[in-house]
Amino acid sequence: MENLASTFEYAPAPESRSVVDIAPSYGLFIDGEFAEAADGKVFKSVSPATEEVLAEVAQAGQADVDRAVKAARKAFEKWSALPGAERAKYLFRIARIIQERSRELAVLETLDNGKPIKETRDADLPLVAAHFFYYAGWADKLGHAGFGPNPQPLGVAGQVIPWNFPLLMLAWKIAPALATGNTVVLKPAETTPLSALFFADICRQAGLPKGVVNILPGYGDTGAALTAHPDVNKVAFTGSTAVGKEIARTLAGTDKKLTLELGGKGANIVFDDAPIDQAVEGIVTGIFFNQGQVCCAGSRLLVQESIQEELLDSLKRRLSTLRLGDPLDKNTDIGAINSAEQLARITALAETGEAEGAERWSAPCELPTSGYWFAPTLFTNVTQAHTVARDEIFGPVLSVLTFRTPEEAVAKANNTQYGLSAGIWTEKGSRILAVANKLRAGVVWANTFNKFDPTSPFGGYKESGFGREGGRHGLEAYLDV
Amino acid sequence: MPTTTPPPGKAALTGTPLADVTASAATLRRFLHGLPGVDAVGLEARAASLGTRSIKTTAKAYAIDLAISMIDLTTLEGADTAGKVRALGAKAVHPDPTDRTTPRTAAVCVYPDMVATAKEAVAGSDVKVASVATAFPAGRAALGVKLADVRDAVAAGADEIDMVIDRGAFLAGDYMKVYEEIVAVKEASAQARLKVIFETGELSTYDNIRRASWIGMLAGADFIKTSTGKVGVNATPANTLLMLEAVRDFRAQTGVQVGVKPAGGIRTTKDAVKFLVLVNETAGADWLDNHWFRFGASSLLNDLLMQRQKLATGRYSGPDYVTVD
Amino acid sequence: MSKESLGGSAAGATRLSVFKTYKLYVGGKFPRSESGRVYEVTDPKGKWLANAPQSSRKDARDAVVAARKAFGGWSGATAYNRGQVLYRVAEMLEGRREQFVREVADAEGLSKSKAAAVVDATVDRWVWYAGWTDKIAQVVGGANPVAGPFFNLSTPEPTGVVTVVAPQESSFLGLVSVVAPVIAAGNTAVVIASEKAPLPALSLGEVLATSDVPGGVVNVLSGNTREIALPLAAHQDVNGIDLAGADAELAKELEIAAADNLKRVLRPQAVDTDADFTVSPGTHRLTAFLETKTVWHPTGSLGASGAAY
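Chains as they are written, first to last, in numbering that gives the first Met the number 0: chain X, 0 to 480; chain C, 0 to 324; chain D, 0 to 308.
Note that these hints are calculated values from the structure, not bench results. Do not take every clue at face value.
To be verified - Derived lysine to aspartate or glutamate pairs resembling EDC-like cross-links, with alpha carbons at most 16 angstroms apart: (1) D/K251 to X/E245; (2) D/K195 to D/E252; (3) D/K251 to D/D236; (4) X/K244 to D/E248; (5) X/K437 to D/E156; (6) X/K244 to D/E39; (7) X/K40 to X/E245; (8) C/K55 to X/E245; (9) C/K59 to X/E8; (10) C/K229 to C/D19; (11) D/K251 to X/D254; (12) D/K111 to D/E97.
As the list claims (entries may be wrong) - Examples of chain C residues toward chain X, derived with CB under 10 angstroms: (13) P35; (14) A44; (15) I54; (16) K59; (17) T80; (18) L146; (19) N233; (20) L240; (21) R247; (22) G283; (23) D319; (24) V321.
Said to hold, decoys possible - Now the stretches of chain D that chain X is said to cover, found in silico as 3 or more residues with beta-carbon under 8 angstroms: (25) 149 to 155; (26) 295 to 302.
A virtual CB, placed ideally from N, CA and C, is assigned to each residue, including glycine.
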């Protein structure tokens, strides 16, 4: 034994970067071709873990939006007229190619987004492929989906997605749109455009007809131009509630169909009879998965006062084992924050929490010197009146509140303008059902958290948006019903 | 090597919140039924997630040597002979005759009638002799017989006793009987360290495994051990994770540290490393020592040795380059 | 008894009828507008029918309070119970058929036989939605076969308090066609009656009040549509709005206001403006104000074999 080191230090286990070949520059993907922006504008996509520039990407402007919508409109005629079974096969092809290229895409996504390879490998990519596989099967069965015998596509879908799950959000948007016979123009987020551009290449490999999928990297103004475009029939947006409201106003008085998947301030409710060890895991998954940059994050821990101390001790001990660092390392639990802006926002909100008297705690944790990092953080002594209990932080920051009775737990959980997710931890089955019934949230995880599946509809109540993505329900957003 | 802790057991719990738990069958039952429940899916998901840790290069070398040092090299067959046990002892002392830097295993584990032979075989080394006892593996014998079995093994020189609990009594809800039997065996074991086998595959549910863990720890177990290796389901990452949580919580409440021994079904280096990750990230580094964690295994050792040779030479080894016993 | 003996009035004089004072229906009560305002309601030919309350934004606010208060009980009632209550509305309406035939005929300038057909269709519409209350969840909800050891169930739940801008032309069948699905789904409603023909809607309040519909589940306001609708569209405690009776300009304005708290908006649809409420309704008016809640729970396995995950 004496020749052994005294602790079990995990040696670096980086996933190989060489499995992905990132070109120095990328164009817009319009009508099956990569092209520069009409005005020649470009922007840089950086790796948030290192601040290294990964590629230069064309930035779409109004003229490009016009061109892409036109291409999508032109493609719509043939695409929507294809037999469903043929559309299905294109989607099955895409699903399979994603599976084949999943390692490459996982590394790419980790580089561009900053999230740990463990997550892109085990969560993002399997779900992306599964989502295409699921909706592929719907393409020739739409008459059986409960929307009448012959539901019709809407036309051109303008889709704007966020940076937290770039490729997964793309899948959530594109798979149902194509299955139902729509064509799409999709704008990826400005900080994470690369996986969408790789997806364009997958479309090429799959032989997808030109113009069915168009990808327009850009900033908010690109998204605004797309959603406001008069020849777009359907808008799907995932992102902040503020932008979602702006889009809703823009679309008022039009006949564009709109679905919005927006912010959240999910309550994770732990009762005194919870399976404690699993609850601790669920809390950690709930708020530290993807660095808390998850709209359905369980960012408010509501713990029954009688077990608060015990639970917090366990939670803190568990947080001390989280491994923060190189997102490409297979043992990394916590990666980088997606951008300097997001880091600044998280930092400012955490400072507000302290200023308002909440007690801040972080596990001892060394942050890398370059890149954007934020240590997993807890706030205790938080009440519903604290900013950190009300505002969506979208980062690895958990606010801990207490409750005494199930009624109080439900009242606090629902006391928010959001209504996306909630968690319930108790071994008492009837309590799960009673509490789940009263929670005003679109997804309720009982004795688990942050689980996703293509068959399971996802979406919010209240200001978390409307419409559902996933499952049979997810078809409705793209059909004339 | 840590110094020996005071013998746990009832006395050790005096003054802790658990002192009165075993006062009566009713208090014990209430306590056990008041333990937090276990959600099977969540537990198994956590175990699976820890199983995805990537242990490479220096960490792998460390883990392999640590795992070898934690093995209770076991033979528990009706066909065991003195020759077989001597060979096992030799292997425990020098697992890899080609490389003397290879750590010794923690112990050899044999039936009571082979203890004396085993002691001779490992004489002069720090390899311990563990003996299963208490009418292993079924445990279906009168208490007197079980205690005689234990005393016999101890008298023959056993350093460690691996007892089985009365699963029938446990499943019938007679927790006090299970508890008292462990207390009696602990006493009969004298200075030998006591490993309490639950036969988790027969207890069937995770809630039961958690309760059994606490009965064992309250009764003074030095180790809690998953299984005999003689039933369909033996050590799994999930049941071992659960038992690691139990010893972690027990120490937090009483200050008494108890070891854990998964046994049966761990055959590959990859598996063993996953278990070490479970230990490291659940109970913590204090348990990363063969005083507190063991593997009940036999074929695992050769796989570890082959992996060790691979790390040393850079080429894959083969079964002809490790000894069959 | 002979006519002459009544009241001792002069033989042969026409009996003076008793006018009805039309009042709002809010929280199960029949208040006047807090503003004290009324406006003249005439038939399509300009004949005076009654003075209707001209609701203010404060009446709208009070109605939202009543609707919110009623939401817990109504949404929490069993679907079977809601179905029975809606069916009871149909029964009560059938009993007051003559009154509504007269009011609809007056309001919409219909012949008595056409008005009777409208009232019959309206009764039948209540029956249609009464039957939906305990079926819609099975039709639009269900178990999702997720790839993992989880039981996953999607269930529709009512959105909350819904503002209903009732159709302007079809003052009764149109009204019921938009209100019934909202409450059948378990929502509570603040209804803005047809501006020019509010009387059938106000009378409907009397039917609802005697039909076991809890107070506050349906609240009926009459007055200037725009004046009442704007504060309701902007109200932060209203969760949805049906724009059936809003013209294009107002609909856009209301939709913009509704974005402030992301209300669920049901835009005016062709079928609404055509006032063709006689065609069989589908389920879209039910689902427009239903949220889908999906609950996940681990299933696990029978034993600790390690195989559940």
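Tested hints:
no.	hint	in the structure
1	D/K251 to X/E245	holds, 14 angstroms
2	D/K195 to D/E252	violated, 21 angstroms
3	D/K251 to D/D236	violated, 20 angstroms
4	X/K244 to D/E248	violated, 19 angstroms
5	X/K437 to D/E156	holds, 10 angstroms
6	X/K244 to D/E39	violated, 39 angstroms
7	X/K40 to X/E245	violated, 25 angstroms
8	C/K55 to X/E245	violated, 50 angstroms
9	C/K59 to X/E8	holds, 10 angstroms
10	C/K229 to C/D19	violated, 35 angstroms
11	D/K251 to X/D254	holds, 11 angstroms
12	D/K111 to D/E97	holds, 10 angstroms
13	P35	holds, 4 angstroms
14	A44	holds, 7 angstroms
15	I54	holds, 6 angstroms
16	K59	holds, 7 angstroms
17	T80	violated, 31 angstroms
18	L146	violated, 34 angstroms
19	N233	violated, 22 angstroms
20	L240	holds, 9 angstroms
21	R247	holds, 9 angstroms
22	G283	holds, 9 angstroms
23	D319	violated, 27 angstroms
24	V321	violated, 20 angstroms
25	149 to 155	holds (count 3)
26	295 to 302	holds (count 3)
Going through the hint list in order, the structure does not satisfy hints 2, 3, 4, 6, 7, 8, 10, 17, 18, 19, 23, 24.
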